[in-house]
Each structure stands twice: as C-alpha cells, then as structure tokens.
Amino acid sequence: MTTQALLQVLASGLLMGLIYALIAVGLSLIFGLMDVVNFAHGEFLMLAMYATFGLVLATTLDPILLMPLVVAVMFAVGVSAYAGVVRYAMRATTNQGMVQIFATFGLAILIQGLAQYFFTPDFKSIQHSWLGGRTLDVGGVFLPWPQIYGGLISLATFGGLFLLITRTDFGKALEATREDQGAVALVGIDRNRVFALGWGLGAALVGLAGAVLAVFYYIHPNVGSTFGLIAYVTVALGGFGSIFGALVAGVVVGLVEALTTVILPPALKSVGIYTLYLGVLFIRPSGLFGRL
Amino acid sequence: MNRRQLLMSGASILSFAAAASLTGPAIAQSGQEVVIGVLFPMSGANAQVGVDARHAVETAADIINNAHDLDLPMAKNAGLAGLGNAKIKLVFADHQSDPQKGRAEAERLITQEKVCALYGCYMSSVSATVSAVAERYSLPFLCCDSSSPSLARRGLKYFFRPAAQDEMFSAAMFDFLDAQKKAGKKVETVGIFFEDTIFGTDSANIQRKLATDRGYKIVADIKYKSNSPSLTAEVQQLKSANPDVLLPSSYTTDAILLMKTMDELGYKPKNIVAQASGFSDKAFFDALGDKAVGVISRASFSLDMAQKRPSILKVNAMYKARSNRDLNDSTSRELMGLLVLADAIDRAKSTDGEKMREALAATDIPGERTIMPWKKVGFGADGQNVDADPVLIQYIGGTFVTIFPSAVAVAEPLWPMNA
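Listed in order, the protein sequences are those of chains Z and E.
For the first sequence, the working numbering assigns the number 1 to the initial residue and increments by one for each residue that follows.
For the second sequence, the working numbering assigns the number 1 to the initial residue and increments by one for each residue that follows.
Treat the hints as calculated values from the structure; they're not laboratory data.
Watch out, some of these pointers could steer you wrong.
[What the hints assert, rightly or not] One-sided excerpt, in silico: chain Z residues whose CB lies under 10 angstroms from chain E: (1) 1; (2) 8; (3) 15; (4) 34; (5) 37; (6) 124; (7) 129; (8) 133.
[Unchecked claim] What the simulated footprint calls covered on chain Z by chain E, stretch by stretch (three residues with Cβ under 8 angstroms from a Cβ of chain E suffice, anywhere in the stretch; the number is not a length): (9) 111–123; (10) 261–269.
[Unchecked claim] Away from chain Z, derived, C-beta distances all over 12 angstroms, residues of chain E: (11) 182; (12) 223; (13) 278; (14) 326.
No residue lacks a Cβ here, since even glycine has one placed at the ideal position from N, Cα and C.
Please model the entire structure based on the sequences and the hints provided.
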C-alpha cells in the first residue's frame, strides 16, 4: 500500500471517528448522570436522520440550515422518552437495573417498528445539499466535505459541552446530581428535572450526529443498529460517563477500524475494535477515562 | 351434579365432538385452501426486499386464485383445478435476514400453520437452513430467488429452484466480458468485491475460477463485512487496484454505501458488472440518481423483453398496482416461482409432500409461458432448472435495458461506463 493510500485510510478513519464520538457522547452523558444505559440510542440516531430528511422535504432548505431544528426536535424526544418510559422504569423497587434495560430495549424495538410502519423500509437519501457530493483533494487524499464538516461539528460540540458542564449552573447541577443524587435534593435541585434535561441533552447530541450523517449516509429504519453497537463500544472503551473519554475513544475506534481493514482481510474489520475493547476492559474495567 | 345435569353435559360434549369431527373432514374434502408458508426478510436491513416480495407473491396468488387472460401456468382457471378449484393461501413469516430465525419460523409454519410447502427466502444463507427443515419434514421447498449454487448441491430431495444460480449468472457475465474483448475493448483485469455470507462468498468463488479459466487477471479480491458503517478503506484498495471491470456482490445497504464512497473518494470504476441483488434494487437507483448510470447487472428479467413475452406488461401492471414499482430481478423470480409451485401442486392433485415432490420433478413449462427469458422450466436431479437463461442489463436513461446476449439485447452496452 502506498503512503498516499495509507494517509487516505487514516484521514477517513479520523473523520469517521469524530462522528462516532459525537454519536456516543450522548449515551455516555446519560449513563454518567443516572447509571442508565439507553439501548434506544441507535434508534434516536435513526429518528434524527428521518427528522432531517422530513424537514428537508417539507422546507426544501439545506439540511445544514435545519440542524438546529433537528436538535430541538430530538431534545423533545429525549425529554419525552425520560418522562414517558425511563422515569417509570426507575421507580421499580426490585431488579431496577434489569427493568431499565428492558424498558429502553423495548423502546428501541418500538421506535424501529414505528419507523418501518410510518416511513416504510425503503432507503432514503438526501440528494441535494451544499456539501453533498463535494470532496476536497489534498494531494491525492480525498476528504469528503460532509465528513470534514461532521468532524468540525463534532469538535465544536465537545468544546461547547465542556463549557456547558464546567461554566453553567445547569452543568453544575448535572455534575452534582451524578456525584450524589440524594444530596442534591437537600440543596433544592429537582433531580427529576435534571434527569429529564440530561435525557434531552443526550438525545439532542445524537440528534446532531444524525443530522450530520443524514447528509452523506443512507436513511433506513435499521440504520441505528449499524451505529448503535459502535456507540456502546466507544462509550465502554472511553469510560462510561466520561465525555472526554467518548471523544478519544471515538477517534481511536475510527482509526483502529480503518487500519484493521488494511492489515487484516476487510471482512474482519471489527476484530481490531473488539480486541482493543476487550484488552482495555481486561486491564482497566472502567474504560480509558472512566470513573467507575 | 345430578343425573340430569350429567346427561345434558355429556350430550353437549358429544354433540360438540360430532360437530368438530364433521368440520374437520369437511374442510379437507372440499379442499378450499392450499396453505403455503412464505419466508422473507420483513424487518431489518432487507425489509424493503421482503415488502416487495410480498407484493410479488400476492400478485402470483391473484393470478392463481382468479381467472386471468394470461398465457401463464395457472392463470386461466380460478384456483387449482386438480384440487377442486382450491385456492392458494399464503402464510408469511419474517426471518429478519437471520438463518436461525428462518429455521425457527420454518418449523413454526410446518407444525403450527400446517403449510404444505415452503417458499422463499431471498438470502441464500436463510434458504440453506429453511430448505433443510423442509427436507426433514418431507415437504417441498421452492427456492425462488436465492442464487447460491451450493444450495442445490446438498443432495436434498425436496429442494427446487426454477431460476438460475450464480454459476450460470457468472458464466453469462464472463461471456459478456469475452464478447467485449473480442470486439476490441480493453478487458484484462477484474476486481472481485463481495460480502461475507453465503451469497457473496459463493459468487466470488465462481468468479475467481471463471476469471482464471478465461484468462483475466484478478487485481483485487476483497471480502468485506456486510452492513459496515464505512467502506472507505475497502474502496481505497479497489481504487489502488483499478481493475478494468469491478465485479461486486452486495445487498442493498452495502451497494448504496459502496457507490457513495467510491464517489467521495474520487474513484470512477471503468466498469461495474454486478451480481444483481442490491444493484438491481429500486432503492439503489433512488438513493444514487445519476451516479448509478452505466452500472451493468446480471438479471433474470427485463421489462423490455415484453415483445417476446407478452404477459410481462400485464403482469407488471398488476404488480405495480400493489407495490407502486416495476418488477425487477428479484420480484419477477418471486412471482414466477409461485406459479411453478402451484402448477406442480395442481398436477399432483394432492398436498402430500411426496406427491408434490414428484410433480415438481416432472415440471415442464416452456419459456414462452413465463415472464422470464428462460428456455423452459424443468428440474434436474438436484432440483436446479438448467434452462434458466440469464441476461445482462444496464442502467441507462433512468431505466434498465437489456444489453446481452445479443439475441435479446435492445441496446448496445455503454462501455466503458464512464465514457
């Protein structure tokens, strides 16, 4: 393989990795906040992609302009999922962990079924966008604009998230709630409200990822499962609850996946990620930056 | 309970039993329904294939169950004349593209739904497990649209496939390459790119052998993981190899992703000759638009053959009324296969597994009485129809046109595709 080809693979892996990180961070945030693994995370991604597609059809605006709207829609979806399902699952007195798993897993199946019913299982694709189909040629290394844009959005989002958590009252309330759910109630923080907003934020983040993906990826009721598994691995690798961990792990997963394809037969491309994942869990069960 | 109550309850039980025993044979004797179990992927990544397939087999059931002015098997009469005009009843099951779910559903269809034959299953990997279940219960499995050659090589007695398998398809693809070479076009190297289940691996094995036998140099031979989030590194390898002809075998998700990634990485393949499947799916063209122009695929079917097979347009109109799309490579086989199965059950005059098997083995339908380019429908000892001639079609001007073999071609191939 030539240097140029290797650079191409690394660059593509890096860009995809940043998008993986953006997909994963909402999952990590929700887990860090309330110890709940959202098994419907991939389906949230899929809903965001359909929301983008639907809004493009309805408004004929460019998908990039519609991103804030998609994020807002997904925020509402996240809050509703908490208020409608997760809140009740958390009230279970026995086997609460299992109840939460089944609740979010059930939600995933429901969303997938509804998507297939309402949107049909046909593949959708956004044909026209300012960025769609454009590629930047850097000395023979091709970087598609939608992915560059996605990578930049991802980095900006991580920066914004860092500021949100360290500099705002809401961020402090989030941190305080994850530190000690009981104690925050004593200082007048409504735990339920923080959880609801946490779910809203988590869904909004994956919503942003969906809006980015929709520009260059096909849209299908099943697309969430393609990315969902990678999101879980990313979060586990980076450490549940660690936002910085999600960023690093996303990039690592993207790069390892791309490099595995070069070193091993492409059919074994997932082997690299899962070997790394198992290795990290073996040496450091809480993930690279986890606080478990 | 006193004696009177005992007598009354005893009488009611007896009368109920009598009624039950009467209704049982009554249904069986009148033979109003022949129940067939149909397995396709109705959810998951290939769900649209299942939805289209359902419309195709329901169109076929309509042709069988009602009288139609079509020169096709089972069309003229309403129902199966051999079984007192019994109607076909389809029971659908979703195998979710998973061989194990297919096996479980096949068991359920046979033991609980009491189907007399199984039908499906699109994915070769699922057809492999479902046909094994049918064999164990001694009832026919009609494999309408799976193309892996190994399916017919397991010595199964109850396996029948009216359509071509990938050896026949691949031979046609290489015949076409030979013809291009003979006409002075540059065709020296090929790139094989295939997904990692039975369909892809079997297809690649044959193509590898054919390429070697016929003197083509294989410059890329890539087995990739299906349903991957990204195919960048794989496409990079194809781009480096840059074969004269790229021979992909992929389902729809990967076919779309492959073409999009090639476009993003600035790789314009000189030619693509695909093993149908995802490349002949309507979703593929809808998702890609102009980027799909010039793609050549092997096929069992093309609408432009209507001059030779007049039924095509009428049947296509019936299918389109249900599905809002034209028949394609897969749906045509799914539709035609059920007519072949019903024809055999009609001749068997029975839903007994062995009798249906014998009737299927004795099938002899001339090609003109199908909507396919086949010479005829008849099965060898392995259950394969060797007279299911394939064609090659190319996506030009927003539709598929037949380009090979020259006897049925309606247009000259656009070669190279990016000329």
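How the hints compare with the structure:
1. 1: holds, 7 angstroms
2. 8: holds, 5 angstroms
3. 15: holds, 9 angstroms
4. 34: Violated, because the Cβ-Cβ distance from residue 34/Z to chain E comes to roughly 28 angstroms (cut-off 10 angstroms).
5. 37: violated, 20 angstroms
6. 124: holds, 8 angstroms
7. 129: Given a least distance of 13 angstroms, the restraint on residue 129/Z is violated.
8. 133: At 7 angstroms from the nearest chain E Cβ, residue 133/Z passes the 10 angstroms test, so the hint holds.
9. 111–123: holds (count 7)
10. 261–269: holds (count 7)
11. 182: holds, 34 angstroms
12. 223: violated, 4 angstroms
13. 278: violated, 10 angstroms
14. 326: The claim holds: residue 326/E sits with its nearest Cβ about 15 angstroms from chain Z, beyond 12 angstroms.
Taken one by one, the earlier hints fail for this structure at numbers 4, 5, 7, 12 and 13, listed in ascending order.
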